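Protein chains in written order, with numbering that gives the first Met the number 0: chain A, 0 to 398; chain B, 0 to 449.
Think of the hints as simulated: they come from the structure by calculation, not from any bench. All values reported here derive from a predicted model rather than from experimental measurement. Backbone N, C-alpha and C fix where the C-beta goes; we use that ideal spot for every residue, glycine too. Don't take each hint at face value.
[To be verified] Label pairs and their calculated CB-CB ranges:
hint, chain 1, residue 1, chain 2, residue 2, range
1, A, Val-385, B, Pro-271, 25 to 35 Å
2, A, Ile-78, B, Pro-364, 52 to 62 Å
3, A, Ala-40, B, Glu-306, 14 to 24 Å
4, A, Glu-82, B, Leu-438, 22 to 32 Å
5, B, Ile-339, A, Gly-199, 49 to 59 Å
6, A, Val-38, B, Asn-311, 49 to 59 Å
[Said to hold, decoys possible] Derived list of chain B stretches under chain A, where covered just means 3 residues or more per stretch with a C-beta under 8 Å from a C-beta of chain A:
hint, region
7, 36-48
8, 84-97
9, 266-275
10, 296-302
11, 381-392
12, 424-437
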Amino acid sequence: MAFARQDDDARRGGFRPGALLSDEKTRSITFQALTLAAVVALFWWLVDNTLANMAARSMSAGFDFLPVTAGFGIGFTLIEFREGDSYWRVFQVGVLNTLLVAVVSILFATVLGLIVGLARLSGNWIVATLARAYVEFLRNTPLLLQIIAWFFGVFNLLPRPRDSVEFGAFALNNRGFYMPSPVPEPAFDAVLAVFVVALGGAIALQVWAKRRREATGRLFPAVRVGLALVVLPPLAAHLALGQPLGWNIPALKGFNYDGGVSVPPAFCALIVALSVYTSCFIAEIVRSGVQSVSRGQREAAGALNLPNDWTMRLIILPQALRVIIPPLISQYLNVTKNSSLAIAIGFPDLVSVWMNTSLNQSGRAIPIVAMTMAFYCTVSLFVSLVMNVYNRSVQLKER
Amino acid sequence: MAETHAETALIFQPKPARPAPAAASGPVAWMRRNLFSDVPNALMTLLGGYILFVVVGAVLDWAVFGAVWSAESRRECLDAVGRAGACWPGVAEWLPNMIYGLYPKELVWRVNLGFLTLLLWIAPLFMPRVVSKVNIGVSAVLLFPFLASYWFHGGEMGLLWRVFVAAGIWGFVWVWATALSEQFAGRPIGQTLLAALGAEDAADADQRRILRIAAALLYVAALALTLAWRLEEVGTRLWGGLFLTLVISGIGITFSLPAGILLALGRRSDMPVISMLSTAFIELFRSVPLITILFMFNTMMPLFMPEGTDVNQLLRAIVAVCFFAAAYMAEVIRGGLQAIPRGQYEAASSLGLGYWRSTQLIVMPQALRIMIPAIVGNFIGLFKDTTLVSIIGLFDLMSMARAVGEDTKWLGLFIEPFFVVAMIYFVFCFAMSSYSIGLEKKLAQGRDRG
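Could you build all of it, start to finish, from the sequences and the hints given here?
If you want it as structure tokens, here you go:
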């Protein structure tokens, strides 16, 4: 009877204080309200303290410092930067440098990781063991240690410019790494135009070949023909127009190299350390991906008498990639985040020029920290968005 | 018909046996199979062998055969062998600093005693007949830090700190009493104690009362001990080296597991507010690099606290590391929770278990077991990541190694200390990952058998 009456009470909307904790639905609302109140109170307290502290130190939280002259130089920039430029420009320089380090390291790390991962799968005992030792040693030591060791132990000990290590048009010394830079003449635009047209043709060819294969089952060597289409006509145009692309080759002038493009030793150390460190994790991802394809798949392909390279291309890789891609992307994200360690060797990435130098100069802790975090959050959100789209496209389509 | 059949059938001509294979086992066969199966493979073997020979030879030449073992300064080393050999005396001179930082030499025994206490605390986990291993492990995580904090820091104890340090002493005594009782008498410490007091046959309520009084007496004794206990203060600015690295990563690891469990449960919760808050926390801390979090706490924590509060720099770093580690751990544990089939939850609730009981008894043990490799991998990552505190100016192992080359006597000596530090990290991380692989295999055995 008592239970029935309680139910009636609840149905009629009668309120009993006990229901706040005993009834499942109300209890959930109680908990959430309490949590929210606690979080709001915590934030209130933090904001209140911060405002009081900032008032006491006469600090300001606005973004009005962005157009102000920063007043310091930056050693390596992708866009033009002079000492009188604004803080906003400093931010741009930092973002671009971070992205450059990330992209270059990702390229090298992927290639190196692929090689080491396949070496770990090798049937040859010595090769597999060497690859395993490489992976185990490098991934069990801190990245920061590796970056600093490459910087102080290798790139700082290189000879002076006068005795630099030269290979062809490239030179390496304790001031940095020097590469030739391309100098296009006006006629080079025509070569570029031919290239763009050829690329469009190659893509159209791929689409046509795929459609024909699906309709008739007949194969067309679209990849090879497409490659030839992309490479040969622009090359012919280039030669016909009298090679309208010059190279600015770095040469020793006085105490240092002049011409071409150069990157500082800190950049080299960062790239090498990041690529080598990340390649270990990529190698493990590649290995586990290939091993995840069950033996039966390979045997079934053999039973169908597929040649080896077809087995790899049509059977193993598509299935392995489904396992490999998601952790691979998260490694790429890690590279981007790890590039922030550049600060330890003085390379001007976002954290170094923005969160360190600019923050100390301007004292605007809150906007600067917020902008830095916003940049990294944006990158990470963008990547996870791409990931979700990819995951949906490769998911097992079950009926 | 029958006769001819019989005739042909009777003439039995065995085929000659095939010759035995050259060797199916033994080193020669192994080499033929794994190193020289065909020409490309043999070439790879030769190339790999050459690389191995060159690398190992170069390292040995540098680190052992061509190294200088006694010298007064780097100048002497360079004069003797140049850069071709390692200069170990510099590392040897700095080794105490690399391990203890600037901790006063005459007080270093306190650090050693602290880590010895930890080893003793967890030693019962390796005794075969001890059954309260979970409680011992939990006590090591929850109570040992209080005891260690006083060993390491010393100084004047406030009332609150005294209460906790006493709890630490109490825990240590309880662990060893339990371990000895279970290992040698084969029964819980409570029963052993009652037997010793001759109260085995007393009523249940009385027995419980006796045990409670014993525990309280022990606590009072521990509290009395803390009153008599006075250690010289060693400020955290003097902490450094491997010691500091272990303190920061130890606290980070200890904090990350429970906090990660709560955050993961929060993210999967049906309550939208809780789930949203947890998700926001996790995603924020996972998407930015640790160094920005360290910078943020380093510059902002003094602003967040009420005016006049002095936030120790070590504390700022520890808070940053803890938040970061908790967010990463939460995602690992969420992965484990997602792998638990729905039927487990339904079975638990059909048994009448509520949310917390089913989480504690059914879901979490399975989720944690699946995720052991990932959890240990996370611990390893965190241990390596603590090197970043050197960037905000704490003297961890990494910055101590860097300091060697900045000492005027050993100016420019970088590679050797880095090599030693790399070896230290390698030993710790490799040991952890090997232990986790072993544990995983052991647990898989139990599951596969059932």
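To see whether the hints hold, each was checked on the structure:
In this structure the hint that Val-385 (chain A) and Pro-271 (chain B) lie 25 to 35 Å apart at CB holds, the actual value being about 27 Å. As the Cβ distance of Ile-78 (chain A) to Pro-364 (chain B) is approximately 55 Å, the hint placing it in 52 to 62 Å holds. The hinted window of 14 to 24 Å between Ala-40 (chain A) and Glu-306 (chain B) holds, with their beta carbons roughly 19 Å apart. Hint check: Glu-82 (chain A) to Leu-438 (chain B), Cβ distance near 57 Å, so the stated range 22 to 32 Å is violated.
Between Ile-339 (chain B) and Gly-199 (chain A) the beta carbon distance is about 51 Å. The supplied range of 49 to 59 Å therefore holds. Range check, Val-38 (chain A) to Asn-311 (chain B): about 26 Å between beta-carbon atoms, so the 49 to 59 Å window is missed. With a cut-off of 8 Å between beta carbons, the region 36-48 of chain B has 6 residues touching chain A; three or more are needed, and the interface restraint holds. Interface restraint, the region 84-97 of chain B with chain A: violated (0 residues with C-beta to C-beta distance below 8 Å; minimum three).
Interface restraint, the region 266-275 of chain B with chain A: holds (5 residues with C-beta to C-beta distance below 8 Å; minimum three). A count of 4 residues in the region 296-302 of chain B with a Cβ less than 8 Å from any Cβ of chain A is obtained; the coverage claim is therefore met, three being the minimum. Proximity of the region 381-392 of chain B to chain A, defined as three or more residues with a beta carbon under 8 Å from a beta carbon of that chain, is established by the 6 residues found. With 5 residues bearing a CB less than 8 Å from a CB of chain A, the region 424-437 of chain B meets the requirement of three and the coverage assertion stands.
Going through the hint list in order, the structure does not satisfy hints 4, 6, 8.
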